[in-house]
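Take the sequence shown: its position 45, counting from 1, is numbered 128 in our numbering, and each next residue is one higher.
If you are wondering where the hints come from, they were derived from the structure by calculation, not from laboratory data.
Glycine is no exception: its CB is placed at the ideal position from the N, C-alpha and C atoms.
Take the hints with a grain of salt, since some may be wrong.
Here are the simulated distance ranges between beta carbons [what the hints assert, rightly or not]:
id, residue 1, residue 2, range
1, Gln170, Val141, 42 to 50 Å
2, Ala162, Val141, 45 to 53 Å
3, Asp176, Ala101, 26 to 34 Å
4, Leu125, Val154, 35 to 43 Å
5, Gln168, Ala93, 26 to 34 Å
6, Asp112, Val147, 24 to 32 Å
7, Gln184, Leu150, 48 to 56 Å
8, Gly90, Ala127, 30 to 38 Å
9, Gln168, Tyr145, 46 to 54 Å
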Amino acid sequence: MKPSQAGRSAGKIIGGLALLLVGAFFWLDARLSAVAAEETGLSAWGVAGIVVAAVGFVVVLYGVWQLATNVDLAADVAARALYTQRQQDAVADAEARRRAQPPAAGAP
């Protein structure tokens, strides 16, 4: 994954939830008004509520996808850092073992 794929997800999730709730409110209000007036079918407010709720749902899904992408990027960075640290530790251990060995016979 590329770091350029990282993005903020909280705003998308919160905004999507807000749209979802507002759309559901408009749809429910339109349905209750229709029941009270003994009408059938959807009003323009009901359709608008459904559309707004659908857009909100899509935005929430996009925010969750972005959040998952950010988690994957963080895991990749952590794995690379761990690999690099292990490589450096192996080199340092080899150097320490080399220094700890007694000098060979005849060596200055």
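Going down the list of hints, with the structure as the test:
1. Gln170 x Val141: 42 to 50 Å: holds (44 Å)
2. Ala162 x Val141: 45 to 53 Å: violated (32 Å)
3. Asp176 x Ala101: 26 to 34 Å: violated (55 Å)
4. Leu125 x Val154: 35 to 43 Å: Given range 35 to 43 Å: holds, Cβ gap about 39 Å.
5. Gln168 x Ala93: 26 to 34 Å: holds (30 Å)
6. Asp112 x Val147: 24 to 32 Å: Because 28 Å falls inside the window, the suggested range holds.
7. Gln184 x Leu150: 48 to 56 Å: holds (52 Å)
8. Gly90 x Ala127: 30 to 38 Å: Given a distance of about 35 Å, which is inside 30 to 38 Å, the answer is holds.
9. Gln168 x Tyr145: 46 to 54 Å: violated (35 Å)
Taken one by one, the earlier hints fail for this structure at numbers 2, 3, 9, listed in ascending order.
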